[in-house]
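Below, each chain spelled out in residue letters.
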Amino acid sequence: MSGPLHVPVNVLGLVTLWLHEQPELMTLLDNDRDRVVTETRKNQTYPCVRLTQITDTPAGQRPLHLVAAELQIDAFGGTKAQAWTLAGTCRALLAERLTGTHPQGVVTGVDTAGMADIPDDYFTPAKPRWLFTATVYAHPAAPAA
Amino acid sequence: MSNPDFELNQAGVDEFLRSTGLRLEMVKVGDKLLQRVRRNSHGLFRAKLGRTGAKNETIDGKQSVVVDVYTDDWFAHLYEFGSATNKPYAPMRRAAESMGFKVER
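So the sequences go chain by chain: A and B.
Take the position in the first sequence, starting the count at 1, then add 1; the result is the number in the working numbering.
Take the position in the second sequence, starting the count at 1, then add 16; the result is the number in the working numbering.
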């Protein structure tokens, strides 16, 4: 059976582009959009924020309309204090401002979790990092038929 | 019509939580979770994964049946949360959420 195809929202893309537009965060990062990324580069400039989508759970089947996307947000220093400020700012932005209509879709709610101090000991000395996860509920702008 | 009052039979709940059948079921859930963590980890810490038996514990003042799925791999935090040079594989969180559990942090 054919019919309209319901493609869910690319939540990772939506949140990343939205964070690029948030002045409180971008001021902390010298207005450098290359410091809010989904992939760190070989010559990555720090401090920076990286977003990763862990899971994307549909709220129901047919149509695939609303999804709950689990994101991990890593804030790397710089110093530990810079990493904390970045993570805290991102979490406040997501919790207080993300819900609403965006060009890529509609965010109906956000649950943020606690921040964790997990330095990246792949580096010597360990690179400061604070991280948290957030569940973002989103659906496409046009309602499913 | 107002809702009828009822009193929870806590003794009955406690007895159910101590039952062998429930503990066996919880062990099955632990095995399933372990299997999914193994599958998600793509061999990263395959040899150092395990689970405990079912045990009764009091959590936030309530009796519970608990099975711990664990790893003692030294680099587990890097597999789970990633590093600046590697993205988080999150094998444990993906496994738990794929089974419908809400991961609390």
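It is worth saying that the hints were derived from the structure and are not from the lab.
Treat the hints with care, as some may be off.
Subject to a maximum C-alpha distance of 27 Å in a straight line, what follows is the list of computed DSSO-like cross-link-like pairs (lysine-lysine) [stated by the list, open to error]:
no., chain 1, residue 1, chain 2, residue 2
1, B, K44, B, K103
2, B, K78, B, K44
3, A, K43, B, K44
4, A, K81, B, K44
5, B, K78, B, K103
6, B, K44, B, K71
7, B, K44, A, K128
8, B, K64, B, K118
9, A, K43, A, K81
Going down the list of hints, with the structure as the test:
Distance restraint check for K44 of chain B and K103 of chain B: the Cα-Cα separation of roughly 31 Å exceeds the 27 Å cut-off, and the hinted pair is therefore not satisfied. With a C-alpha separation of about 22 Å, the suggested pairing of K78 of chain B with K44 of chain B holds against the 27 Å cut-off. About 44 Å separates the Cα atoms of K43 of chain A and K44 of chain B, which puts this hinted pair outside 27 Å; it is violated. Note on K81 of chain A and K44 of chain B: the hinted pairing is violated, with a Cα-Cα distance of about 42 Å set against a maximum of 27 Å.
Only pairs whose Cα atoms come within 27 Å are accepted, and K78 of chain B paired with K103 of chain B is rejected, the gap being roughly 37 Å. For a cut-off of 27 Å, the pair hint linking K44 of chain B to K71 of chain B stands: about 13 Å separates their Cα positions. Between the alpha carbons of K44 of chain B and K128 of chain A the distance comes to roughly 39 Å, so the proposed pair goes past 27 Å and is violated. Our distance criterion of 27 Å between C-alpha atoms is met by K64 of chain B and K118 of chain B, whose separation comes to about 24 Å.
Between K43 of chain A and K81 of chain A the alpha-carbon distance is near 21 Å, which keeps this suggested pair within the 27 Å criterion.
Checked against the numbered hints above, the structure breaks hints 1, 3, 4, 5, 7 and satisfies the rest.
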